[in-house]
Amino acid sequence: MIRIDFDYLERHFPRRPCDAHKGTMGTLVSLTGSFGFAGAAVLSAKAALRSGVGLHYQVLPESIYPLFGGTVHESVCVPVKGNDIGTLCKADIPAISASLEKATAILIGCGMGNNDATAEVLKAVLSTAKCPVIIDADGINVLSQHIHEIDDCKAPIILTPHVKEFSRLSGLSVADILKAPAKVAEEYSKARRGITLVLKGHRTYIAQNGEVYENIAGNSGMAKGGSGDVLAGVIASLTAQGAEPLEAAVMGVHIHALAGDIAAARLSQTAMLPSDIIDSLSEVYTKLEDAIG
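Take the sequence shown: its letters are residues 883 to 1175, numbered as in the numbering used here.
Please keep in mind that the hints were generated in silico from the structure rather than gathered at the bench. Positions of the beta carbon are idealized from the N, C-alpha and C atoms, including for glycine. Take the hints with a grain of salt, since some may be wrong.
Unchecked claim - Only pairs whose alpha carbons sit at most 25 Å apart, straight line, appear in this in silico DSS-like list of lysine-lysine:
hint	residue 1	residue 2
1	Lys1072	Lys1036
2	Lys1065	Lys1046
3	Lys1005	Lys984
4	Lys984	Lys963
5	Lys1061	Lys1072
To be verified - Quick list of simulated restraints, FRET-style, between CB atoms:
hint	residue 1	residue 2	range
6	Lys963	Asp889	45 to 53 Å
7	Ile967	Ser1157	41 to 49 Å
8	Val958	Ala1062	37 to 45 Å
Just need the whole structure built from these sequences, with the hints factored in.
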């Protein structure tokens, strides 16, 4: 098992080309948020944008478009009708598919809702994706009921569950996962070759094909709803910019944790919010850019 540190970031974080433009820095398409859960879309989008992606397209039910569009000004919004409960649905798939043609990475799940309609959307994404797919939160809950869908997916997949979501996904009890999370992550990644697993917790473990990385940075102030949405946005952004899935996951987890430590030092673990983690990302990236020259 490899413990992640800042040296890892220095070795793997890419220099931003001096002649870069928005079209060369990746295009992330996010399918996140639903009525009542617009915040998940906002947090993941802001984290992705703060992490350097060139273009961000947000596909979202029109019921949350005013809130999202009025909060996140840098995203290109693709409002779709959704269904009567405010989630993406089968009727939206043609518009979703058209948006995915632009993508260098896809983020799906944060606040998306877990129902038959969102299951149809996830199936469509997995069956047609040509670039890495990051699946978080409700996307994992949906996937746990349709796990066979990832077997035929030709694109790389990054899964970012917390322990309860991973319990649903794997069939293991929460107690058994907590007894040996690193071993559980290792075994799952061996069983599902090519999948990159980010098993979130007090110590987060990232695994691919039996190779396991451990993150020990971060703090309990990050144990608040929305922190996972921020992490998903960071990982998805790095992936869209061209990082390999394992590298994007490892770097994203550590960058997110370091930003969380900065937020806690400034605001306290009690008072810090997931949005403060986003605000602290710039300090991590400044340090990284200074280090790599």
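Next on the checklist: So if I understand the rule, the pair passes when the alpha-carbon distance is 25 Å or less; does lysine 1065 with lysine 1046 pass?
Outcome noted: holds (17 Å)
Next on the checklist: Need the status of pair lysine 984, lysine 963: alpha-carbon distance at most 25 Å?
Outcome noted: holds (21 Å)
Next on the checklist: Next pair to validate is lysine 1072 with lysine 1036; report whether the Cα-Cα distance is within 25 Å.
Outcome noted: Within the cut-off at roughly 18 Å; holds.
Item to check | 41 to 49 Å as the expected CB spacing between serine 1157 and isoleucine 967, which holds or is violated | outcome: violated (26 Å)
Next on the checklist: Given the hint of 37 to 45 Å, is the C-beta distance from valine 958 to alanine 1062 inside that range or not?
Outcome noted: holds (43 Å)
Checklist entry - Going straight from one Cα to the other, do lysine 1061 and lysine 1072 come out at no more than 25 Å? => result With a Cα-Cα distance of about 19 Å, the restraint between lysine 1061 and lysine 1072 holds, given a limit of 25 Å.
Item to check | Cβ distance range 45 to 53 Å for lysine 963 and aspartate 889, holds or violated | outcome: Holds - the Cβ-Cβ distance for lysine 963 and aspartate 889, about 49 Å, lies within 45 to 53 Å.
Next on the checklist: Please verify whether lysine 1005 and lysine 984 have alpha carbons no more than 25 Å apart.
Outcome noted: holds (19 Å)
The structure shown violates just one earlier hint, number 7.
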